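Undergrad: Please model the entire structure based on the sequences and the hints provided.
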Amino acid sequence: VRNQLKELRSAQGWSQGTLADQLEVSRQTVNALETGRFDPSLPLAFRISRLFGLPIEQIFFDDA
Amino acid sequence: LTQIEPAFILVYMTNKLYSTDAGVSLGDRNRKRAYLREFIPVVALYVVAVGVTVTIGIDTNTTKAIFVVATFIPILMGVVVIVRHLKRLDEFERIVTYRALAISFGFAMVAAVFIALLASSGLNLNSKIAAWAPFMVGMSTWGVLSARHLSS
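Chain order of the listed sequences is A and B. According to our numbering, the first sequence is numbered sequentially starting from 1. According to our numbering, the second sequence is numbered sequentially starting from 65.
If you're looking for bench data, these hints aren't it; they were derived computationally from the structure. Be careful, since some hints might not be right.
Here are the simulated EDC-like cross-link-like pairs (lysine to aspartate or glutamate), alpha carbons at most 20 Å apart as the crow flies [what the hints assert, rightly or not]:
no. : chain 1 : residue 1 : chain 2 : residue 2
1   : B       : K151      : A       : E7
2   : B       : K96       : B       : E155
3   : A       : K6        : A       : D39
4   : B       : K96       : B       : D154
5   : A       : K6        : A       : E24
6   : A       : K6        : A       : D62
7   : A       : K6        : A       : D63
8   : B       : K192      : B       : D123
9   : B       : K151      : A       : E24
10  : B       : K96       : A       : E24
11  : A       : K6        : A       : E57
12  : B       : K96       : A       : D63
Computed from a predicted structure; not experimentally measured.
TA: Here's what the structure looks like:
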């Protein structure tokens, strides 16, 4: 699953650490999400969606 | 000293789970502090237990039993601290850590079987090294795998 987390974070001017604190995850997790090494669980995806005020499908895309 | 080393290796390996050159978030720092706040007293207790029992002397069966019990209690406490630490991990860290634990368990088992086969074949092993080898192999594997995935 691809995502535009990095672009959304950069648009807000947040560091990975800042985003990690807002999502209550580690900075490594944010990094893993942004680099596509980790797909979030649905609860985390919903938290991300709420944080950026966007529906999940506008943040995460199917690889296919 | 050989009795103390594994405790320090344990602290180093588990501490590596959170080490990063790229900075940490406030939550990361708080969790690391909580972990160290719980783990350092346990290590100190272990060191004191070893120090006291070695000073008293480990020559009779009674003192040997005291040594084992006195050092094993802090080790059990350390296990509790690590379990509490694992519960504090987020979903990505938990997946990485549990996967590393599973692989390191496999490596430790292979080491244990290898040592058992060597002993069964009649090879004269250094019993202290042989006894600690599965632990060392398991902890090393866990540390390396966790650090590799969480160091970015």
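Undergrad: Now tell me if each hint is right for this structure.
TA: Taking the hints in turn, this is what the structure says about them:
1. K151(B) x E7(A): Violated: K151(B) and E7(A) sit about 31 Å apart, past 20 Å.
2. K96(B) x E155(B): Distance of about 16 Å is within 20 Å: holds.
3. K6(A) x D39(A): Distance ~14 Å between K6(A) and D39(A) Cα, so the pair holds.
4. K96(B) x D154(B): holds, 13 Å
5. K6(A) x E24(A): holds, 17 Å
6. K6(A) x D62(A): Distance of about 17 Å is within 20 Å: holds.
7. K6(A) x D63(A): Satisfied, since the Cα-Cα distance of roughly 17 Å is no more than 20 Å.
8. K192(B) x D123(B): holds, 17 Å
9. K151(B) x E24(A): Measuring from Cα to Cα gives roughly 14 Å; hence the hint holds.
10. K96(B) x E24(A): The hint holds at about 14 Å.
11. K6(A) x E57(A): Since the Cα atoms of K6(A) and E57(A) sit roughly 15 Å apart, the hinted pair holds (cutoff 20 Å).
12. K96(B) x D63(A): Given that 20 Å is the threshold and the Cα spacing comes to 35 Å, the pair is violated.
Comparing the model with each earlier hint shows violations of hints 1 and 12; every other hint is respected.
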